[in-house]
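Protein chains in written order, with my numbering: chain D, 6 to 461; chain L, 6 to 461; chain Y, 6 to 461; chain R, 6 to 461.
No lab work stands behind these hints: they were computed from the structure.
Misleading hints may appear alongside valid ones.
No distinction is drawn between identical chains; accordingly, a pair holds when it is met within one copy or between any pair of copies.
Claimed, not checked - Keeping only pairs whose Cα atoms sit at most 16 Å apart, straight-line, the calculated EDC-like set for lysine to aspartate or glutamate is:
| hint | residue 1 | residue 2 |
| --- | --- | --- |
| 1 | Lys459 | Glu144 |
| 2 | Lys365 | Glu295 |
| 3 | Lys401 | Glu441 |
| 4 | Lys338 | Glu291 |
| 5 | Lys90 | Glu317 |
| 6 | Lys392 | Glu347 |
| 7 | Lys11 | Asp86 |
| 8 | Lys452 | Glu291 |
| 9 | Lys451 | Glu441 |
| 10 | Lys401 | Asp18 |
| 11 | Lys447 | Asp348 |
| 12 | Lys11 | Asp87 |
| 13 | Lys452 | Glu347 |
| 14 | Lys447 | Glu347 |
| 15 | Lys452 | Glu191 |
| 16 | Lys47 | Glu291 |
| 17 | Lys151 | Asp275 |
| 18 | Lys304 | Asp406 |
It should be emphasised that the depicted structure is a prediction, and the values quoted were computed from it without experimental measurement.
4 protein chains.
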Amino acid sequence: YFDVKKFVIAPFDRRYRIWQTFLVVLVVYSAWASPFELAFPKVSTGSLMPVDLIVDAFFGIDIILTFFVAYLDKSTYLLVDDHKKIAIRYATSLWFPMDIASTLPFQSIYKIFHGKSARGQVFGFLNLLRLWRLRRASELFSRLEKDTRFSYFWIRYCKLICVTLFGVHAAGCLFYWIAAHHKVAEDTWIGSQISDFENRSIWLGYFYAMYWSIVTLATVGYGDLHPMNDTEKVFTIGYMLFNIGLNAYIIGNMTILIVQSAMRTLALRDAIHQVLKYARTNRLPEGLKEQMLAHMQLKFKTAELQQEEVLEDLPKAIRSGIANHLFLKIISKTYLFENASEDLLVQLVSEMRAEYFPPKVDVILQNEMPTDFYILVSGAVEVLTIKNRVEQTLSKSKPGDMQGEIGVLLNIPQPFTVRTKRLSQLVRISHHHFKEIVQSQKDDGKKIMENFIKHL
Amino acid sequence: YFDVKKFVIAPFDRRYRIWQTFLVVLVVYSAWASPFELAFPKVSTGSLMPVDLIVDAFFGIDIILTFFVAYLDKSTYLLVDDHKKIAIRYATSLWFPMDIASTLPFQSIYKIFHGKSARGQVFGFLNLLRLWRLRRASELFSRLEKDTRFSYFWIRYCKLICVTLFGVHAAGCLFYWIAAHHKVAEDTWIGSQISDFENRSIWLGYFYAMYWSIVTLATVGYGDLHPMNDTEKVFTIGYMLFNIGLNAYIIGNMTILIVQSAMRTLALRDAIHQVLKYARTNRLPEGLKEQMLAHMQLKFKTAELQQEEVLEDLPKAIRSGIANHLFLKIISKTYLFENASEDLLVQLVSEMRAEYFPPKVDVILQNEMPTDFYILVSGAVEVLTIKNRVEQTLSKSKPGDMQGEIGVLLNIPQPFTVRTKRLSQLVRISHHHFKEIVQSQKDDGKKIMENFIKHL
Amino acid sequence: YFDVKKFVIAPFDRRYRIWQTFLVVLVVYSAWASPFELAFPKVSTGSLMPVDLIVDAFFGIDIILTFFVAYLDKSTYLLVDDHKKIAIRYATSLWFPMDIASTLPFQSIYKIFHGKSARGQVFGFLNLLRLWRLRRASELFSRLEKDTRFSYFWIRYCKLICVTLFGVHAAGCLFYWIAAHHKVAEDTWIGSQISDFENRSIWLGYFYAMYWSIVTLATVGYGDLHPMNDTEKVFTIGYMLFNIGLNAYIIGNMTILIVQSAMRTLALRDAIHQVLKYARTNRLPEGLKEQMLAHMQLKFKTAELQQEEVLEDLPKAIRSGIANHLFLKIISKTYLFENASEDLLVQLVSEMRAEYFPPKVDVILQNEMPTDFYILVSGAVEVLTIKNRVEQTLSKSKPGDMQGEIGVLLNIPQPFTVRTKRLSQLVRISHHHFKEIVQSQKDDGKKIMENFIKHL
Amino acid sequence: YFDVKKFVIAPFDRRYRIWQTFLVVLVVYSAWASPFELAFPKVSTGSLMPVDLIVDAFFGIDIILTFFVAYLDKSTYLLVDDHKKIAIRYATSLWFPMDIASTLPFQSIYKIFHGKSARGQVFGFLNLLRLWRLRRASELFSRLEKDTRFSYFWIRYCKLICVTLFGVHAAGCLFYWIAAHHKVAEDTWIGSQISDFENRSIWLGYFYAMYWSIVTLATVGYGDLHPMNDTEKVFTIGYMLFNIGLNAYIIGNMTILIVQSAMRTLALRDAIHQVLKYARTNRLPEGLKEQMLAHMQLKFKTAELQQEEVLEDLPKAIRSGIANHLFLKIISKTYLFENASEDLLVQLVSEMRAEYFPPKVDVILQNEMPTDFYILVSGAVEVLTIKNRVEQTLSKSKPGDMQGEIGVLLNIPQPFTVRTKRLSQLVRISHHHFKEIVQSQKDDGKKIMENFIKHL
């Protein structure tokens, strides 16, 4: 659907999508590295520096790319692929300066200008600007949530775990940073446990920070590690307030996921429960109750109800297309519509409905008003007549046979009962629609009556 | 409904169901024993060994059985009972190798080949493969959830408790295993409390492990037991992250259960509240308000509303069957339909509706348009006329009597008011449907008018 | 409604209700005293003994009373007041033996037979049988929840608080009982803090028990009090598992309460939001948008929508009664229906609907098809005509005047626009129903046309 | 809309709203200062005294103002601006004495009468009366929640944070007050950590109180600070019970916010999922499936469904106004309605509906019954004919062209297929309504047929 100008990339282009997904992988690294480098500045000028520079380069390339990506206009739903419009839109939005600021490698720039690495805290905090990139992860998740190829449950679950892990990691790093900058090392949460912690391994420190962070988040609070000085207490107050919100967020999300997954089961239980109650209060015989239950369970399995809803929402032309595909072949093979014009058939099929019937269920009941007639698509039904309260089997129908057309064409109460022998699919045509359509096509009407009389 | 070939078992066979339920009992044992034997390897080669072998044997039998169990095809909803198809389906699925791997008694096999029990950790972990059997418990629960014979609330509640207990048990055993394999016994969570814990009773250790596990899960965290070394801290981090999810899962499930159970009460409250509000804002007299409230409460008790919905979803033939059962006897005994043909009656009943009326409520109001007439099924009503604003009781009706048929047949405003004397069930026939049906049966129409004139 | 036999009490009798509510007050005492007397057996043979005996006496009286209380049959919804049936139903149910067992004062009976108080634990546990009385509190709450005179929110809130407080109290008492029966007093949760705690004041012990109980329930777990020996640990495991469930129950209940209270606000927001969006995407002029918003907000205030739903669910006779009350007086005073027969008016009112219109809103639009006409009930409207795109005010209507009847009676497009001047209530009569009703009453039709021509 | 008498302020007056919002800012100060002054009485007679007096003065002014603010009568929805009624309503309500009591500066009054500041606790508690002002904040939030200009999520979120912060602050201050009034300073929660805490800095004390408060609220409970004496334990019991409720409240609110925000995504997923399932079970060709999906996604983007619902709820005159605005211009430019009377057009537009169609979707299908015809508003469609199963493009339509009118006017099956070329908006006119309207306007009918024949 989306043809764009030369040198412009459609946002739905497969290759651009892959590039975006690749960038999200780099975002995960940035999300981990930014707080980590704040807490342990040694690594930011050491082992992680080249990795950081490469990652920054990729995001730099993306900034340039963005000037060539078409966008969807929000009011007309049309794709804008004009170079100038794209450029103006990006350059004047908030995103552009933030993207730039989160990509510049401040420390390396400083080093180039001054010839040496700075040890000041400022670069650690400037590094945190890279967390702006997290918006990409957030966008990815909200796109995946709408993508039915993936389970909503697991996408949402992953998102929750990512948010939680990032929260724990960031809080842990910040807490370590506070301890590392306190004057008296013994008076810190970690220093009171491990003497001379600053010269120990980076991983030991990171590890203790994570442990404290998670004990606090999970509100377990064993008490073996706890804030010792005022700065730590202030930070812990903030972190705990945030945790109350995060916990509520996790629980709220979990609730909606569980509600979603339990909905269908509950609807089925409810339907069955109502049938049973109705049968009990009206003292219906066991046979009728069984039929009702079998129908209910089949309906939920074949999700027939939902299919009706699907069709209702579609425009008429698509509905006609579907009906043609499903029923035209079947109806044109029945004896009644032999030689009927295609016009008539096309009009008929758009009013037909497919229904599943479980085994041993009455489709038509003797003596009832003829409101519909049926064509058997698959399965098997038998035609019965009830005389002196004794049922007699008259015939068995095979796919392609019609049921109930005698009542409809002669406008008399149905002369026979029709009952399924096993799971059967039948196509239903309403008496009312049939009459309406046939009346407008006199020639076809005659042919149908001829076919009918011949068949009798 | 389900006839299958010889030597093939239907999945819905009662005996197969019992066998499956019996296996779930063994699954409970496996779920408990697998982590326990990892933590306390002595028992796995000692007292629990014969039990394990017997349990494994049962699951071995089930693997063989599965080759003879028919399955339901997911696209046609038909039972497949072809031996070859069943075998291919099972053997090529992931389940088969997993079932085998979770059944082989590795330790005994090793013993047979090497002549002695191995003390390596590998068998403890191989034992954990048996947890694959938990899928059976999960299947049982999801089947029970759909079974209306059991309360959804309690099934779900049991599931929650089982999941929680298994989580606590598994975490406790794993935590003990970590302590038992740490070099310095004093530097473990249990060793710092109980000296020489490894040579104490198995149950003391299990017991401490469970206590620590549950204190952490419930996020109480007294602090009397807490992780001491790095391995324990890592494991605790993982367990706490899992606990956040488990707690959210428990709360989410509880929420949906409570919402389900409160729904009906809230709907009733809402309905009553709206009636009261309507009566207040329109300043309706007390009598009318009482009638409205009585009707509302009765409706919720008899759940009349839901019955309509039950019928709507059913195919026409079942609906007709129900109507015949409920109303044919009543209508054939009324004076109006004496000698009427069964055809007419069958058509009439399919359009009838049963309604409950609380005591002292007007069923028909003098001078209103005749839209329906009624047959009294149970209870008692009185016929009133209002002259000069004074009500006069004309007659009392007994079950089987008709109300409102004068207005309908003569097409004049209802000449009388009909009011219930106590809780009454009436069957309603719509004027519109009555006219439509009688017009198509001229003979019956004459008979009905004769009956009517005779009765006057 | 409920007349019962002599010496039989209706369950809805006001005096019986008061007695039941009084018993619930005693239940509160029992719920507190039973666990308390288990923990502190001194009080059960001391100061609380007479109170217990009096309370038991009251419940004994209730057992006798229950033999005289009619009950509602669950299948017929009729009140059964037959002495024999009532007695058989109560005596054969589970309730009777449980009521007896929870009322007998075992300790006093023992004393009478043996001449001295027993100090055995068995009486403390027999006392716990009295907790069976809690079912009365549970019944009261479920009745109150359905009673619209009380706020659902607060009833449910009280229930939650009661359940929580009882849980805390019972767990605290049980925990104290465990400590008091441990061999080494110093090795208990309380003995390690307070030496010789058993000979201290009862209230000090109760108070520590409550503190520990609540610290554990709230999952705060400071760690100043924690289980010391194995029995305490087992009990704490059980209590914490229970707490996980209780916390989830509290949160689940709170969620449903909040959802309930936020529903209405969210529905209003949603409606306004949709109007704004519709107006924006279709670029509607400001005037139309204002009219749409004003209408939406008024509708939510007057809850007009819900009123329609209230009426729909009611049987026809009640609906007619309401319509007569609301509209008969208004319509009989209009010029058009002067001298019209009451029959006609009664039929007309049952098809009338009251509507509120905000100020400056068009009720009828010039040139539109005449589908309805209106009677002004309160407020003020003006009649306008638009010529050459200029609006001219023709007249102002006062309550009792009709609008739009010219278009309806002559079956021509509405000649005038009708616009409200301030908040107005109008009664709407549908063209279709009006024609239908008037056609069946020829005489009235003539009179109406005469009135109409005279008025022109 | 709201004109009020002289010297009376409308409650919706912009300036009055600003004044109210300004007072809420002062309420925030009062909410913070009242508990703070209780805990640290030094500041209440010192640095904060002048601020308190100024704030009190503002609230004093508001009391006087309230006597001049009109109110909305709850039963008539009319604004009451009678001086006497306003004064009586305010003076006789509970609010008046509470407003007075929460405004009087008791301490300053005492000082004026006795010449010196009192140091008694009573003034600290009298100060707490100022918390009555919090009702203003509560009112502001419930008004903002209904205001669609602000995001419901963030308003509710702010409210939660404010409630939580106030709870933490008040509990912390009260807890400090308890410690400060305990006889033995070492036996208090703070005294056991900081010796001589009463003479230390106010901020240190406040800060410890906040830390303890939040550790308890978040149920972390490290155990470094915990209640030491009985009074503190009692207070902590109460605070923890309150916290259980507050936590449940936070989680419940979060759940509803998340449910709200996820609703739309879930509805879209559900719709797509059903389409896919329907296509799969019926083995529809890929082309039809694509058309269905494209339509579904477009519908969610243009929110067409909701627009229909918006219109349904509005009164007829507003609906007509909208239809005139949207469609009158378009229809009057089509060849078919040239020279047609404005009456006819006005009636037609009220039955027209706008629909969006995605690219390459069939609007009309050859041979289907003519139920609607269309006018192209924007986009482009092509007219096709299918002969011998080969599609032939006949013509391309531009905005303003009609589709399907041939079938409708001649009452024959549609002769052509109409398919969109890109995203198109079409206006649909139902065959049924068109016939009905044209039949009542004979002259216009002739003109339309003339136009039609001329065009052919």
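Against the structure, the hints come out as follows:
no.	hint	in the structure
1	Lys459 with Glu144	neither (67 Å within a copy, 56 Å between copies)
2	Lys365 with Glu295	within (10 Å within a copy, 38 Å between copies)
3	Lys401 with Glu441	neither (30 Å within a copy, 33 Å between copies)
4	Lys338 with Glu291	neither (39 Å within a copy, 25 Å between copies)
5	Lys90 with Glu317	neither (40 Å within a copy, 39 Å between copies)
6	Lys392 with Glu347	between (41 Å within a copy, 12 Å between copies)
7	Lys11 with Asp86	within (9 Å within a copy, 59 Å between copies)
8	Lys452 with Glu291	neither (45 Å within a copy, 36 Å between copies)
9	Lys451 with Glu441	within (14 Å within a copy, 27 Å between copies)
10	Lys401 with Asp18	neither (56 Å within a copy, 29 Å between copies)
11	Lys447 with Asp348	within (12 Å within a copy, 31 Å between copies)
12	Lys11 with Asp87	within (10 Å within a copy, 59 Å between copies)
13	Lys452 with Glu347	within (13 Å within a copy, 34 Å between copies)
14	Lys447 with Glu347	within (14 Å within a copy, 35 Å between copies)
15	Lys452 with Glu191	neither (102 Å within a copy, 98 Å between copies)
16	Lys47 with Glu291	neither (80 Å within a copy, 58 Å between copies)
17	Lys151 with Asp275	between (29 Å within a copy, 10 Å between copies)
18	Lys304 with Asp406	neither (23 Å within a copy, 39 Å between copies)
Hints 1, 3, 4, 5, 8, 10, 15, 16 and 18 from the list above are not met by this structure, while the remaining hints are.
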